[in-house]
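Novice: Please construct the entire structure, taking both the sequences and the accompanying hints into account.
The listed protein sequences correspond, in order, to chains A and B.
For the first sequence, the working numbering gives the first residue as 55, with consecutive numbering after it.
For the second sequence, the working numbering gives the first residue as 55, with consecutive numbering after it.
The hints are simulated quantities; they were obtained by calculation from the structure and are not laboratory data.
C-beta: ideal position from N, C-alpha, C; glycine also.
Distance windows between CB atoms, simulated: (1) B:T400 <-> A:Q288: 48 to 58 Å; (2) B:E372 <-> A:N57: 34 to 44 Å; (3) B:S129 <-> A:H221: 42 to 52 Å; (4) A:N99 <-> B:S180: 34 to 44 Å; (5) A:E113 <-> B:N183: 17 to 27 Å; (6) B:N334 <-> A:R355: 53 to 63 Å; (7) A:D78 <-> B:A218: 20 to 30 Å; (8) B:V422 <-> A:K426: 51 to 61 Å; (9) A:P63 <-> B:E434: 40 to 50 Å; (10) B:P63 <-> A:G100: 28 to 38 Å; (11) B:Q288 <-> A:G100: 54 to 64 Å.
Each chain, letter by letter, is given below.
Protein chains: 2
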Amino acid sequence: MQNFVFHNPTKILFGKGTVASIGDETVLLGKKVLLVYGSGSIKNNGLYEQVIQSLHSAEATIIEYPGVQSNPVLSHVHTGIELAKENNCDVVCAVGGGSVIDEAKAICAGATVQHDVWKFFTGKKSVRNPLPLTTVLTLAASGSEMNSGMVITNTETSQKFGFANKHLYPKTSILDPTVTCSVPADYTAYGAVDAVAHVLEFYFTTVDPYTPVQDRLMEGLIINAMESCDRVLQNLNDYKARADLMWTATLALNGLTGAGLGKVGFPMHMIEHSLSAFYNVPHGAGLSAVIPGWMRYHANRQAPRFAQFAERVFDIREGSVEKKAEQGIEALSAWFTKVKSPTNITALNIPGKDISKIAENAMTLAKVWRMKDYNEKKIEEILQKCL
Amino acid sequence: MQNFVFHNPTKILFGKGTVASIGDETVLLGKKVLLVYGSGSIKNNGLYEQVIQSLHSAEATIIEYPGVQSNPVLSHVHTGIELAKENNCDVVCAVGGGSVIDEAKAICAGATVQHDVWKFFTGKKSVRNPLPLTTVLTLAASGSEMNSGMVITNTETSQKFGFANKHLYPKTSILDPTVTCSVPADYTAYGAVDAVAHVLEFYFTTVDPYTPVQDRLMEGLIINAMESCDRVLQNLNDYKARADLMWTATLALNGLTGAGLGKVGFPMHMIEHSLSAFYNVPHGAGLSAVIPGWMRYHANRQAPRFAQFAERVFDIREGSVEKKAEQGIEALSAWFTKVKSPTNITALNIPGKDISKIAENAMTLAKVWRMKDYNEKKIEEILQKCL
Numbered sequence: 055m056q057n058f059v060f061h062n063p064t065k066i067l068f069g070k071g072t073v074a075s076i077g078d079e080t081v082l083l084g085k086k087v088l089l090v091y092g093s094g095s096i097k098n099n100g101l102y103e104q105v106i107q108s109l110h111s112a113e114a115t116i117i118e119y120p121g122v123q124s125n126p127v128l129s130h131v132h133t134g135i136e137l138a139k140e141n142n143c144d145v146v147c148a149v150g151g152g153s154v155i156d157e158a159k160a161i162c163a164g165a166t167v168q169h170d171v172w173k174f175f176t177g178k179k180s181v182r183n184p185l186p187l188t189t190v191l192t193l194a195a196s197g198s199e200m201n202s203g204m205v206i207t208n209t210e211t212s213q214k215f216g217f218a219n220k221h222l223y224p225k226t227s228i229l230d231p232t233v234t235c236s237v238p239a240d241y242t243a244y245g246a247v248d249a250v251a252h253v254l255e256f257y258f259t260t261v262d263p264y265t266p267v268q269d270r271l272m273e274g275l276i277i278n279a280m281e282s283c284d285r286v287l288q289n290l291n292d293y294k295a296r297a298d299l300m301w302t303a304t305l306a307l308n309g310l311t312g313a314g315l316g317k318v319g320f321p322m323h324m325i326e327h328s329l330s331a332f333y334n335v336p337h338g339a340g341l342s343a344v345i346p347g348w349m350r351y352h353a354n355r356q357a358p359r360f361a362q363f364a365e366r367v368f369d370i371r372e373g374s375v376e377k378k379a380e381q382g383i384e385a386l387s388a389w390f391t392k393v394k395s396p397t398n399i400t401a402l403n404i405p406g407k408d409i410s411k412i413a414e415n416a417m418t419l420a421k422v423w424r425m426k427d428y429n430e431k432k433i434e435e436i437l438q439k440c441l
Numbered sequence: 055m056q057n058f059v060f061h062n063p064t065k066i067l068f069g070k071g072t073v074a075s076i077g078d079e080t081v082l083l084g085k086k087v088l089l090v091y092g093s094g095s096i097k098n099n100g101l102y103e104q105v106i107q108s109l110h111s112a113e114a115t116i117i118e119y120p121g122v123q124s125n126p127v128l129s130h131v132h133t134g135i136e137l138a139k140e141n142n143c144d145v146v147c148a149v150g151g152g153s154v155i156d157e158a159k160a161i162c163a164g165a166t167v168q169h170d171v172w173k174f175f176t177g178k179k180s181v182r183n184p185l186p187l188t189t190v191l192t193l194a195a196s197g198s199e200m201n202s203g204m205v206i207t208n209t210e211t212s213q214k215f216g217f218a219n220k221h222l223y224p225k226t227s228i229l230d231p232t233v234t235c236s237v238p239a240d241y242t243a244y245g246a247v248d249a250v251a252h253v254l255e256f257y258f259t260t261v262d263p264y265t266p267v268q269d270r271l272m273e274g275l276i277i278n279a280m281e282s283c284d285r286v287l288q289n290l291n292d293y294k295a296r297a298d299l300m301w302t303a304t305l306a307l308n309g310l311t312g313a314g315l316g317k318v319g320f321p322m323h324m325i326e327h328s329l330s331a332f333y334n335v336p337h338g339a340g341l342s343a344v345i346p347g348w349m350r351y352h353a354n355r356q357a358p359r360f361a362q363f364a365e366r367v368f369d370i371r372e373g374s375v376e377k378k379a380e381q382g383i384e385a386l387s388a389w390f391t392k393v394k395s396p397t398n399i400t401a402l403n404i405p406g407k408d409i410s411k412i413a414e415n416a417m418t419l420a421k422v423w424r425m426k427d428y429n430e431k432k433i434e435e436i437l438q439k440c441l
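Specialist: Structure below.
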């Protein structure tokens with residue numbers, strides 16, 4: 055195990071009826087609240103009214119900032135920062151999925167500085183004193199509700215960049231699984247794929263060859279993400295299944311899986327970010343299109359690791375190490391297919407001739423994330439396996 | 055999954071060389087430090103000097119309070135509280151295992167109130183504003199370094215009572231596995247047994263019949279506690295094994311396993327507390343003497359749960375549900391025997407004629423912990439299976 059610091063101070067309120075606490079939890083941090091949300095789907099399922107009522111009961115002053123899009127864009131972050139500054143907001147409350155929470159974090163970071171918030175994303179500045187954040191989560195996927203990271207797309211430069219900072223953990227996040235019951239099957243599956251991808255990134259990129267404690271945690275989370283997603287897809291209103299999927303996705307990227315692994319990378323996300331920077335595909339769909347190819351490229355180089363994955367996640371016990379490694383990848387691909395998430399980029403209508411453009415774009419992120427073991431040629435080779 | 059609040063704000067610094075940070079981490083909370091430790095074993099392995107040097111470098115004023123015994127006693131807590139008050143201490147720094155950290159928490163709680171600290175243990179008062187706590191952990195076992203609970207023995211009343219309070223999480227805990235390399239084989243094993251017991255308590259007492267996310271986390275922790283303990287017992291200086299055991303024991307009782315299980319009990323600990331209140335047996339040894347009997351009593355009542363335990367923890371796949379349940383208990387007992395921890399109370403020289411006395415004592419704790427499904431007769435029946 056590698057040395058690590060683990061400090062996750064986010065308070066989680068989980069379960070039915072917890073949305074009613076968002077007002078009290080938020081005004082603990084300040085009365086003037088920037089309320090960030092998306093395209094308005096929260097107005098269709100009653101959540102918007104619940105949040106407004108709770109904030110009003112807690113005597114908050116609300117400045118609304120709707121319109122966050124999936125794959126949130128820098129220009130909308132900028133406008134949100136201006137609004138927070140103009141109104142001297144004390145606190146930001148995000149009601150939405152990972153995109154809304156990510157954008158809210160960027161607004162928190164940018165609202166207390168004079169320079170462009172993008173400098174945090176390019177590593178030129180470091181966050182020190184952001185506005186505090188509370189969240190009401192509406193989608194089991196990103197883990198943003200209990201971590202300090204975010205991803206924003208700069209459409210001017212076609213860069214989808216992310217960073218994390220210890221001051222950007224939400225203070226309180228409310229996870230009521232009933233809120234997610236209105237998420238349709240496709241986005242439920244993409245969310246589960248995202249959670250699985252978060253675990254896979256750490257599982258297959260750790261520099262430590264022996265991390266048994268983290269391994270079993272990660273393997274359990276992957277199994278649970280798949281199983282609970284399958285149950286939800288049988289019945290979108292299955293509260294227990296929604297709850298299991300929601301908590302699994304949170305645990306999949308709250309720092310625990312990576313604690314002790316040492317330096318890890320996010321190569322699958324890196325490549326997917328370039329797909330969605332160009333084509334605006336759903337994040338989870340982009341991930342499942344990249345993951346099998348990425349895994350096939352690496353399986354022979356780390357066969358024992360891939361075989362362990364196959365054995366423990368899919369109970370594949372027969373055959374050579376290489377054979378098990380291969381069967382594990384096929385089993386995961388089969389699950390993607392089962393939940394109707396694409397297993398290659400061709401299914402996303404991304405042509406093979408674009409591969410070099412995608413690889414070039416991905417390299418700009420590889421540099422920012424200091425992923426020194428990647429170059430354009432390698433990314434192109436991986437993408438060839440994703441066709 | 056049941057509704058829950060999860061909020062664990064303890065900062066963990068894990069790994070080689072982290073002890074040097076204890077001074078800086080502690081003086082963040084105040085300059086006047088009550089340094090709590092045990093019988094002085096930390097003076098034999100160099101740890102005491104490291105801590106003193108780090109505190110001095112950080113310009114702390116140190117008031118030393120040694121002499122905490124295993125199964126820490128209320129009278130020693132009282133004297134520590136007086137010392138903290140007399141010296142207007144700002145912060146408590148505990149250097150030791152679970153006993154030392156538990157006593158330090160009780161001192162933190164008692165140092166800011168006028169009434170007897172025991173009132174917190176009997177539920178008559180609630181902690182609101184304790185002194186802050188930092189810790190340097192020396193034994194992988196109790197999980198106290200990352201939770202808000204403690205257990206103290208009142209020798210006047212022969213009561214070994216425990217409670218938890220959200221204000222009593224350590225602010226920072228330092229976990230350097232090298233520090234644990236001087237722990238002998240027997241206490242290493244007892245520590246691992248304690249960690250396993252913490253998981254078993256929740257696993258078998260949850261009121262929720264279906265908790266797949268928590269189950270896989272718990273099953274993984276039990277496997278890791280056993281496997282890493284086995285590796286340590288092969289070579290007491292195996293850093294990697296010590297690290298795996300240390301982090302496993304912390305995760306085994308930091309709130310994650312129980313989040314979503316609803317009301318859980320601590321019946322094995324309840325009975326063991328009565329053993330060690332009378333006989334001063336090592337906590338882990340007392341637990342392994344109680345666990346198989348407790349499990350045999352319950353196996354028929356919850357056979358599918360016990361069968362799942364057998365399947366997933368010990369890979370027992372053949373036979374009926376009842377048969378698997380039984381084999382799982384035997385496999386766990388066999389592991390206790392392998393690591394030389396007793397599997398019944400007879401091995402601890404506790405005579406069968408004392409069973410009613412032990413059951414009567416355990417019932418006083420059952421009342422405080424509100425374990426309404428226990429009575430003296432039931433505890434006696436369980437203890438009969440522990441002979």
